[in-house]
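Asks: Next come the chains, spelled out residue by residue.
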Amino acid sequence: MVSSVVLLLADSRLPTGAHAHSGGVEAAVERGLLRDASDLATFLVGRLKGSGAVVAAAAATGCLLAAPADQEPDWSRWDAAVSARTPSPAVRAASRAQGAALLRTAQRMWPSPAVASLSRLGRPHHPLVLGVLVDAAGDGPGAAALLALHHLLGGACSAAVRLLGLDPITVAAVQAGTGPAAEQAARRATQAAVEAVRRADPALLPSTGTPLLDVLAELHARAEVTLFAS
Amino acid sequence: MHREDQIDRVPIPAAPPRRGTALRIGIGGPVGGGKTALVAALCRALRDDVRLAVVTNDIYTTEDADFLRRHGVLPDDRIRAVRTGCCPHTAIRDDITANLDAVEELSARHHPDLVLVESGGDNLTATFSYGLVDVQVFVLDVAGGDKVPRKGGPGVTRSDLLVINKTDLAPLVGADLDVMRRDALAVRGERPTVLISLREQPDAGPVLDWVRDQLALR
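Top to bottom, those sequences are chains A and B. Here the first sequence stands for residues 94 to 323, numbered as in our numbering. Here the second sequence stands for residues 132 to 349, numbered as in our numbering.
Honestly, the hints are just simulated from the structure, not real lab data. Just so it is clear, the structure is predicted and the values come from calculations on it, not from any experiment. Glycine residues also receive a C-beta, built at the ideal position from the N, C-alpha and C atoms. Incorrect hints may have been included.
As the list claims (entries may be wrong) - Negatives, chain B to chain A, calculated, CB over 10 Å:
1. R175
2. A176
3. F198
4. V213
5. D225
6. D226
7. D232
8. R313
9. R319
10. R322
11. Q332
12. D334
13. L339
14. R343
15. A347
To be verified - Derived CB-CB ranges, DEER-like:
16. A/V308 x B/R322: 47 to 57 Å
17. A/A296 x B/Q137: 37 to 47 Å
18. B/N254 x A/R128: 23 to 33 Å
Isolated chain A, as found in the complex:
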């Protein structure tokens, strides 16, 4: 049976600050790079292959590191590895803002030694927090990776509906259509995370990226009029 904790973590109604982030969609829409459902589908697949691999592997890592209850992981090394794979300062800030928000919520909903040890980091990256909570839910790194991708894609889809007035049912179908690709990306990211954690080497985490989206994220952060925080 799916745990009720995982269902809550997947629910966009959980207060985690995610509703104000478009995952790069607003900057692309503003420049006419994303105009319809077909563009959105391309964008989502690109996300899965780019930063998707990084956040999915980070979530799986958070889950794996939280699992042994008897030892406190050196979170700062792994958190720094996520930063190193997130070249845009604006995207790092967005990840940390959402990590802090999820941690705030988690501290009240599911207090645990792992949550406490991660919160000593201050504002950890979002997927690490997500991974720790998936472990607390009794689920594993594969679920954590897929959940990170679910939020990455879901946030982009929701923003596209709000910004472009796309048919929300069409967009939901587009997101559903990314399922196989997301599952494949989650599997690969999980394998990489398992190996990185086994060898205690954050350098083994995937480091794929999308330079154009990083540049757009920086332009977005400096823009005068924006509706989404990222």
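Start from chain A and add chain B according to the hints.
Replies: This is chain B only, laid out in the frame that chain A set:
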């Protein structure tokens, strides 16, 4: 696993940790009612004897903050603009995390006595969660139509102070202030309502008195 006899006992979490001692006042209401003008008026009137900070939530992100800066009512670093992803009501009610983050960051930096959280302009159903603010003001304007108080909605009926602004426009838009006052009284019970023209009373007189009362209650 939980024992059968424990399973129906839902644990209630402890109260959230409160960072900072500031009174937090939410200011909400529809677009164009005068929320930012009210914030500016309160800042001007209070800044000499109350430590202040402001969080703005307008969809045009820095626009409200810039308005406050341009009018020189508060130094830049006491104003934080929060973006709401096209959903101002979500940011003040359903998912308050980004606003809490802004309030706490300002509180840690400036130790204010009062933080004003200004919502982006929304509709009559948009109200603040009391997880974010201690009390809330709902700002309507006369030009929005004198039927608005009768329509009700949680902002009109349950806000701690209802402000009906732009009374000077009443004759121009054919609004009956007595009708607005009577309808507001009917749905608000003991909760106070103020009719004001911020243009004619730039010190926000009666609203300022209410805010000072709230500060004194702390």
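Asks: Are all C-beta atoms of chain A more than 10 Å from that of B/R343?
Replies: About 32 Å separates B/R343 from the closest Cβ of chain A, which puts it past 10 Å; holds.
Asks: Going by Cβ atoms, does B/R175 stay more than 10 Å from chain A at every point?
Replies: holds (26 Å)
Asks: Between A/A296 and B/Q137, does the beta-carbon spacing fit 37 to 47 Å?
Replies: holds (46 Å)
Asks: Quick check on a hinted range of 23 to 33 Å for B/N254 and A/R128, using CB atoms only.
Replies: Taking Cβ atoms as reference, B/N254 and A/R128 lie about 29 Å apart, which means the hint holds.
Asks: According to the definition I'm using, a residue is off the interface if its beta carbon is farther than 10 Å from all beta carbons of the partner; does B/R313 meet that for chain A?
Replies: Holds: least Cβ distance 38 Å, greater than 10 Å.
Asks: Would B/D334 pass as off the interface with chain A, using Cβ distances and a cut of 10 Å?
Replies: The assertion about B/D334 holds, with a minimum of 31 Å to chain A.
Asks: If I take the minimum Cβ distance from B/A176 to any residue of chain A, is it greater than 10 Å?
Replies: The assertion about B/A176 holds, with a minimum of 30 Å to chain A.
Asks: Going by Cβ atoms, does B/F198 stay more than 10 Å from chain A at every point?
Replies: Holds, since 14 Å exceeds 10 Å.
Asks: Please check whether the beta-carbon of B/A347 is more than 10 Å away from every beta-carbon in chain A.
Replies: Fine: 31 Å to the nearest Cβ keeps B/A347 off the interface.
Asks: Please verify that the nearest CB of chain A lies beyond 10 Å from B/L339's CB.
Replies: The claim stands: B/L339 keeps its Cβ more than 10 Å from every Cβ of chain A (closest is about 32 Å).
Asks: Taking the closest pair, is the beta carbon of B/Q332 still more than 10 Å from chain A?
Replies: holds (32 Å)
Asks: A cut-off of 10 Å on Cβ-Cβ distance, and B/D226 was said to be off the interface with chain A. Does that hold?
Replies: violated (4 Å)
Hint check: violations occur at hints 4, 5, 6, 7; the rest are consistent with the structure.
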